[in-house]
Every structure is written in structure tokens, then in C-alpha cells.
Amino acid sequence: MKVLRFILQKEFRQIFRDKSILVMMFAMPMIQLVVLPLAMDFDIKSINLSIVDNDHSSYSQKLVSKISSSGYFNIISVDPNYQQAIKHIEKEEADVVMEIPPNFERNLVRAGKQQLSVYADAINGTKAGIGSGYLNMVIADFNNEVDFNIQKINANNTNQGGAIEIRQRSWFNPLEEYKFNIVPAVLVLLLTLIGGFMTTLNIVREKEIGTIEQINVTPIKKWQFISGKLIPFWIIGMIIFTVGLGVCSFVYDIYPKGSLWLLYAFAFIYLIAVLGLGLLISTYSDNQVQAMFVAFFFMMIFMLMSGFFTATDSMPHWARVFSNLTPVTHFVKVVRMIILKSSGFSDVKMEFLYLIGFAGLLNGWAIWNYKKTS
Amino acid sequence: MDQEKVIICKNLTKRFGDFTAVNEISFDITKGEIFGFLGANGAGKTTAMRILCGLSFPTSGEATVAGYDVYKQQEQIKKNIGYMSQKFSLYENLTILENIEFFGGVYGLERKEIKRRTEKLIDTLGLQKEAKKMVGELPLGWKQKLAFSVAIFHQPKIVFLDEPTGGVDPVTRRQFWDMIYEAAASGITIFVTTHYMDEAEYCNRISVMVDGKVEALDSPRNLKEKHQVTTMDEVFYLLARGAKRSDN
Ligand SMILES: Nc1ncnc2c1ncn2[C@@H]1O[C@H](COP(=O)(O)OP(=O)(O)O)[C@@H](O)[C@H]1O
Ligand SMILES: [Mg+2]
Numbered sequence: 001m002k003v004l005r006f007i008l009q010k011e012f013r014q015i016f017r018d019k020s021i022l023v024m025m026f027a028m029p030m031i032q033l034v035v036l037p038l039a040m041d042f043d044i045k046s047i048n049l050s051i052v053d054n055d056h057s058s059y060s061q062k063l064v065s066k067i068s069s070s071g072y073f074n075i076i077s078v079d080p081n082y083q084q085a086i087k088h089i090e091k092e093e094a095d096v097v098m099e100i101p102p103n104f105e106r107n108l109v110r111a112g113k114q115q116l117s118v119y120a121d122a123i124n125g126t127k128a129g130i131g132s133g134y135l136n137m138v139i140a141d142f143n144n145e146v147d148f149n150i151q152k153i154n155a156n157n158t159n160q161g162g163a164i165e166i167r168q169r170s171w172f173n174p175l176e177e178y179k180f181n182i183v184p185a186v187l188v189l190l191l192t193l194i195g196g197f198m199t200t201l202n203i204v205r206e207k208e209i210g211t212i213e214q215i216n217v218t219p220i221k222k223w224q225f226i227s228g229k230l231i232p233f234w235i236i237g238m239i240i241f242t243v244g245l246g247v248c249s250f251v252y253d254i255y256p257k258g259s260l261w262l263l264y265a266f267a268f269i270y271l272i273a274v275l276g277l278g279l280l281i282s283t284y285s286d287n288q289v290q291a292m293f294v295a296f297f298f299m300m301i302f303m304l305m306s307g308f309f310t311a312t313d314s315m316p317h318w319a320r321v322f323s324n325l326t327p328v329t330h331f332v333k334v335v336r337m338i339i340l341k342s343s344g345f346s347d348v349k350m351e352f353l354y355l356i357g358f359a360g361l362l363n364g365w366a367i368w369n370y371k372k373t374s
Numbered sequence: 001m002d003q004e005k006v007i008i009c010k011n012l013t014k015r016f017g018d019f020t021a022v023n024e025i026s027f028d029i030t031k032g033e034i035f036g037f038l039g040a041n042g043a044g045k046t047t048a049m050r051i052l053c054g055l056s057f058p059t060s061g062e063a064t065v066a067g068y069d070v071y072k073q074q075e076q077i078k079k080n081i082g083y084m085s086q087k088f089s090l091y092e093n094l095t096i097l098e099n100i101e102f103f104g105g106v107y108g109l110e111r112k113e114i115k116r117r118t119e120k121l122i123d124t125l126g127l128q129k130e131a132k133k134m135v136g137e138l139p140l141g142w143k144q145k146l147a148f149s150v151a152i153f154h155q156p157k158i159v160f161l162d163e164p165t166g167g168v169d170p171v172t173r174r175q176f177w178d179m180i181y182e183a184a185a186s187g188i189t190i191f192v193t194t195h196y197m198d199e200a201e202y203c204n205r206i207s208v209m210v211d212g213k214v215e216a217l218d219s220p221r222n223l224k225e226k227h228q229v230t231t232m233d234e235v236f237y238l239l240a241r242g243a244k245r246s247d248n
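Protein chains in written order, with the UniProt record's numbering: chain W, 1 to 374; chain X, 1 to 248.
Simulated from the structure, these hints should not be mistaken for laboratory data. Note that beta-carbon positions come from the ideal geometry of N, C-alpha and C, so glycine has one too. One or more of the hints may lead you astray.
Residues of chain W placed beyond 12 Å of chain X at every Cβ, according to the derived structure [as the list claims (entries may be wrong)]: (1) GLN32; (2) SER65; (3) ILE212; (4) VAL217; (5) GLU351.
Derived DSS-like pairs (lysine-lysine); straight-line CA-CA distance at most 25 Å [said to hold, decoys possible]: (6) LYS10/X x LYS221/W; (7) LYS132/X x LYS2/W; (8) LYS221/W x LYS226/X; (9) LYS157/X x LYS2/W; (10) LYS112/X x LYS2/W; (11) LYS207/W x LYS87/X; (12) LYS372/W x LYS115/X.
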């Protein structure tokens with residue numbers, strides 16, 4: 001332990017001496033966390049919408065005007081039928097088509113129930129997804145108003161209120177604002193980048209400069225050297241995670257609904273797992289270019305396969321198996337579950353075990369593959 | 001006890017693929033000796049030295065350093081040696097004091113002891129003003145002296161120096177050799193590679209390596225007598241003129 005303290009002292013000195021890296025480590029994540037979701041927000045405000053109104057009633061008019069005044073939509077056309085409306089999607093003029101069925105108002109007042117169809121462009125899926133998400137919210141809002149009116153009309157009737165049910169064709173995350181999904185995921189992305197790149201580059205730089213030879217010729221133990229590299233970045237990662245959670249609550253009003261302890265326990269293990277990956281890459285690379293390339297390759301795969309950009313549910317079977325093999329998938333899932341749904345430990349026990357497994361495997365492999373004698 | 005062998009090397013060989021970098025070299029080195037390991041660039045000096053330091057596995061042959069086997073007991077060897085590599089490898093973005101503290105600590109010295117020895121060392125080197133400067137800012141000669149001082153800071157039994165005076169001016173080289181003598185006097189065995197022939201004269205015994213093989217091994221005086229010349233330069237020329245290998 002005494003030796004480890006000397007090693008940590010040296011690592012911290014070096015990390016804090018390099019101001020540019022320090023700024024990169026703290027400023028870049030914050031910028032990403034603030035800018036990325038805002039950039040998404042910009043898209044949301046210009047969703048192109050085509051409407052098919054088969055009812056022409058005062059309720060359908062109200063719904064359309066509510067949608068147009070929400071500020072998120074550009075109503076590019078009101079078409080007489082679905083076939084014409086869908087052409088706008090084919091020509092990439094519209095992102096979303098909403099169809100109001102005939103007898104919309106009548107059914108709503110009489111039966112208290114009516115279906116609406118929303119068709120989203122699957123090619124520009126993200127934008128259309130956000131669009132239909134917002135449409136949902138506007139409709140839900142409208143629903144409440146209608147509900148209120150109908151309740152008045154049917155005052156002496158039963159408590160049955162009017163409800164519009166929305167049928168979805170291509171959908172991603174109903175009823176939730178996009179930011180709720182993207183912000184926790186960006187947080188995960190940050191931890192992954194810090195963990196994956198910083199350690200890798202740090203060790204490989206020692207290889208390049210040649211100082212690792214001076215280390216390898218000392219009686220230092222492998223676990224001491226590796227802990228010396230892991231612990232500082234692990235601490236920095238936890239700080240960034242904390243600051244990131246702060247940004248989530250101040251900027252986005254997203255407060256973890258579940259246990260903060262549980263969230264931290266996961267961040268703790270997850271960081272060890274990605275740091276282990278970084279270490280592993282560094283033991284196989286001779287220079288920073290190689291290391292960057294390999295680390296980047298894994299980051300890309302992780303990001304694409306983790307449910308960060310695409311829902312894992314919509315992946316083919318083999319891809320889902322593969323996706324489950326990456327620690328990021330589990331962490332993204334858990335962070336969303338704990339932050340958005342207040343899931344408890346029993347809900348995420350499997351993920352916890354998975355992550356511990358990854359952490360053990362990756363670090364064990366890294367230690368095994370780090371050779372003081374070649 | 002004076003005849004205690006601290007390095008024993010028998011038919012030690014290292015191949016990279018089908019290239020034999022070190023070819024069946026054999027020698028014994030006695031405690032307290034200054035052993036010069038001479039050879040042209042590419043002769044295989046660094047490769048042999050890295051094996052003896054436990055940084056690289058030999059392909060065949062035997063060797064023990066400080067009584068420990070180079071195949072199995074590298075970590076034991078490392079506790080007993082100091083190593084100054086050919087490429088400067090202290091941390092340039094740490095100060096002199098921080099480098100000393102780190103390496104002292106890694107070798108298991110107590111903080112108090114490190115402090116005591118550091119003060120003495122800074123005094124001897126006359127680096128009081130520079131002690132808090134980054135090592136990267138020092139001139140090469142001082143860097144080399146510092147690297148040597150760090151290599152013997154934990155008072156190892158043997159210190160391996162790989163071309164410690166490469167590119168350094170003659171005055172500093174002279175001072176460097178004074179430091180080597182001092183270390184030897186304190187009982188540290190010195191294993192030093194060089195291609196400066198005047199430096200060979202400072203060694204108790206030297207070996208001359210040509211194309212991976214040890215071609216001669218004796219005291220400088222005996223070697224000169226044997227080849228009937230007056231300088232080590234001439235000895236080296238006679239032995240190495242047949243060399244095929246050169247990095248330059
Ligand atoms: N890791 C290696 N792989 C392949 N060849 C090597 C390796 N290390 C050294 N060599 C070769 O072995 C020979 C001896 O190198 P070296 O021991 O560095 O020579 P010296 O230190 O005497 O200048 C050189 O030709 C060098 O190119
Ligand atoms: Mg060399």
C-alpha cells in the first residue's frame with residue numbers, strides 16, 4: 001500500500017499538471033451535456049407534419065389548431081386522404097402524418113373513445129420519432145381538455161370520460177420527452193469516453209516516451225502499477241458523473257427518481273469496467289495512434305449497439321445478443337431505469353451482476369496481458 | 001567474499017525470429033567491479049543488458065544476476081539492481097524532487113529516508129536551485145547525471161548503465177565517471193556499455209562485442225598487450241573491423 005501511495009501521488013501530479021487535458025476532461029463533458037440535447041431540441045421545433053382530416057368537425061379543427069400553435073410543428077399540408085399524405089413522406093417533405101378518422105367528434109362525444117393514427121417516417125427515424133412523441137403530448141393535452149368538456153356534457157352520465165387512443169406505426173419511447181432519454185445517455189457516453197480513452201492514452205504515452213521501461217525494471221507489482229493508473233481516472237470519472245447529474249437537474253430538471261446510492265453503485269462498477277477495457281487496449285497497443293484507433297472502434301460499436309441511438313428492442317436477434325455483450329448497453333439501461341423510472345435494486349440485479357462480470361473480466365485480462373518481462 | 005560473482009552468464013542467446021541479436025555470450029562479473037560492455041551500434045549490447053535486468057526473456061543459455069535466474073526470478077533481480085536505459089526515461093513533466101521521490105518510493109524506501117538521501121544528493125549534485133524545476137528543462141548532461149543518481153538511489157547491488165554518456169560533453173563525461181567510481185567504491189557493481197574507447201580505459205575489465213558475440217574479455221591493459229597496441233581504440237578496430245552489422 002505504501003508503494004501504491006507513491007504511485008498515485010505521481011499520477012495525480014502528472015494529470016493535474018497537464019492543464020489542457022484537465023480542461024478537456026471537465027469542460028468538454030459539460031459542453032456535450034448541454035449542447036447535445038439542445039441540438040436535438042432544435043430539430044423538434046421544425047417537425048414537418050401532414051394532416052388528413054376526415055372529420056372536418058369543430059373538434060378536429062381544434063386539435064389541428066392546437067397542434068399548429070404548439071410551436072413544434074410545421075403543418076405542410078392538409079390532405080383529403082392517407083394516400084396523398086403519405087406521398088409527402090415519400091418525397092421527404094413530411095416527417096409525420098396524422099390521420100383524423102371520420103366521425104372523430106361524434107365517437108369522442110358518444111363513445112368517449114376514438115382512435116387516431118400517426119405515421120412516422122422511418123428513414124429519418126429520430127426526427128420523426130421525436131415528432132410523434134411531441135404529437136402525443138399535444139394530443140394528450142387536447143385529450144384532457146376534451147375530457148373536461150365531455151364530462152360536462154355527460155354530467156349525468158357515468159364517469160366515463162372521452163379518450164383519444166393513439167395508434168402508433170413506428171414508434172420509439174412514447175409519452176416521454178426526448179431529453180429524458182438523451183440526457184442520461186449522454187451522461188453514460190461521457191463516463192465511457194473518460195474511462196475508455198484517458199487511461200489508454202496515459203499508459204500508451206508511457207510506452208512511447210519509454211518511461212514504462214524504467215517502471216518495468218523496478219520491483220513494482222503489476223496490480224500496483226495498474227491501480228495507480230485506474231484509481232485517478234476512476235475518481236475523475238465519478239466527479240464528472242456527479243457534475244453531470246448536477247447539470248441534468250439544473251439544466252433539464254431531470255432528478256433521479258430512484259436511489260442515488262444505487263445509481264452511484266452502478267457508476268462505480270461501470271467505470272471500473274470501462275477503465276479495464278482501456279487498460280486492456282493499452283496493453284495491446286504500442287503507440288497512441290493504434291490505441292486511439294482501437295478505442296474509437298470499440299466506442300463506436302458501444303454507442304451504436306447500446307440502445308443509445310437505436311432501441312435495442314428493434315434489433316435483430318444476433319444484434320441483441322451482441323448488444324448484451326457490451327457493458328454500455330447495461331449501464332444505459334440501468335441509468336434510464338433509475339433516473340426515469342425509480343427502479344430499485346431488485347429490478348436491476350442482473351445488470352449489476354453483468355457489470356461486475358465485465359469489470360472482473362476486462363481488468364483480469366488486462367493484468368494478465370500486461371507483461372513486465374517481454 | 002571479494003570474489004563473489006554477482007553476474008554469471010553462460011551461452012546466453014537472444015533471437016528475434018531468425019535473427020540472432022545476442023549469440024552465446026559468456027562472462028562472470030565480480031562484486032565491486034566496473035565492467036565495460038563495448039561494441040559498435042547494433043552489436044547487441046542493449047539486448048543482452050535487458051535480459052540481465054529481467055526486462056526480456058533469453059532464447060537460450062543461462063544467466064543469474066545477484067544470484068537470481070533470468071528466466072524465473074526477474075522480480076527478485078529487479079529488487080537488487082538499478083538500470084539507466086539508453087533512452088532518457090525519467091519523467092520530464094515531474095520535477096527533480098518528484099522523480100527522486102517516486103522512484104525511491106517504488107523501491108520501497110521510507111519517506112523519511114527518501115528525504116534524507118535526497119537532501120544529500122541535491123547537495124552533491126549542486127542542484128539546489130533546480131530541484132523544483134521540471135526535469136525536461138535540464139540540459140542533457142544534468143539529465144544523465146540525475147538519471148544515474150536515481151538508478152543508484154536505492155543502493156542496489158548492481159547498476160546497469162546503457163551508454164550513459166552518449167552525446168554528453170567531455171567535461172561532463174569526466175564528472176560522470178567520477179560518480180561511477182564513487183558508486184563502485186561504495187560497493188555497487190557497475191555494468192556499463194559505451195562506444196567511447198577512452199572510457200573503456202576507466203573500466204576494470206571490458207568485453208568487446210561484435211555481431212552478437214563476445215570477441216574479447218580482459219582488462220584494458222592485457223588487451224592492449226595482447227594485440228600489441230597502445231590504445232583501446234586500436235584494439236577495438238582490430239576486433240571489430242570484420243563486423244557486418246551496424247545500425248548506422
Ligand atoms: N525487439 C527487437 N526485434 C527485432 N530486432 C531487434 C529487437 N531489438 C533489437 N533488435 C536488433 O538486434 C540488434 C542488436 O540491437 P541492440 O541490442 O540494441 O544493439 P546495441 O545496443 O549494441 O546498439 C540490432 O540489429 C537490432 O536491430
Ligand atoms: Mg544500445
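Next item on the list: For the pair supplied as a hint, LYS10/X and LYS221/W, confirm whether the alpha-carbon distance does not exceed 25 Å.
Entry: violated, 29 Å
Next item on the list: Decide if the proposed pair is consistent with the structure: LYS157/X and LYS2/W, CA atoms, cutoff 25 Å inclusive.
Entry: Given pair LYS157/X, LYS2/W holds - Cα atoms ~23 Å apart, limit 25 Å.
Notebook entry, point to check: Quick one, are LYS132/X and LYS2/W close enough, alpha carbons at most 25 Å?
Noted result: OK: LYS132/X and LYS2/W at ~24 Å, within 25 Å.
Margin query: Checking one constraint from the list: CA of LYS207/W to CA of LYS87/X, max 25 Å. Satisfied?
Written below: holds, 12 Å
Check: Is the Cβ of VAL217/W farther than 12 Å from every Cβ of chain X?
Finding: The assertion about VAL217/W is violated, with a minimum of 4 Å to chain X.
Item checked: Holds or violated: LYS112/X to LYS2/W, with C-alpha atoms at most 25 Å apart -> Measuring from Cα to Cα gives roughly 13 Å; hence the hint holds.
Item checked: Distance restraint between LYS221/W and LYS226/X, which requires alpha-carbon spacing of 25 Å or less -> violated, 48 Å
Notebook entry, point to check: Regarding the assertion that SER65/W does not contact chain X, is the least Cβ-Cβ distance greater than 12 Å?
Noted result: holds, 65 Å
Next item on the list: Compute the least Cβ-Cβ separation between GLN32/W and chain X, then decide whether it is above 12 Å.
Entry: Holds, since 27 Å exceeds 12 Å.
Margin query: According to the definition I'm using, a residue is off the interface if its beta carbon is farther than 12 Å from all beta carbons of the partner; does ILE212/W meet that for chain X?
Written below: Not fine: 8 Å to the nearest Cβ puts ILE212/W too close to chain X.
Notebook entry, point to check: Checking the smallest CB distance to chain X, is GLU351/W really beyond 12 Å?
Noted result: holds, 38 Å
Check: Given the hinted pair LYS372/W and LYS115/X, is their alpha-carbon gap at most 25 Å?
Finding: violated, 28 Å
Checked against the numbered hints given earlier, this structure breaks hints 3, 4, 6, 8 and 12; the rest are met.
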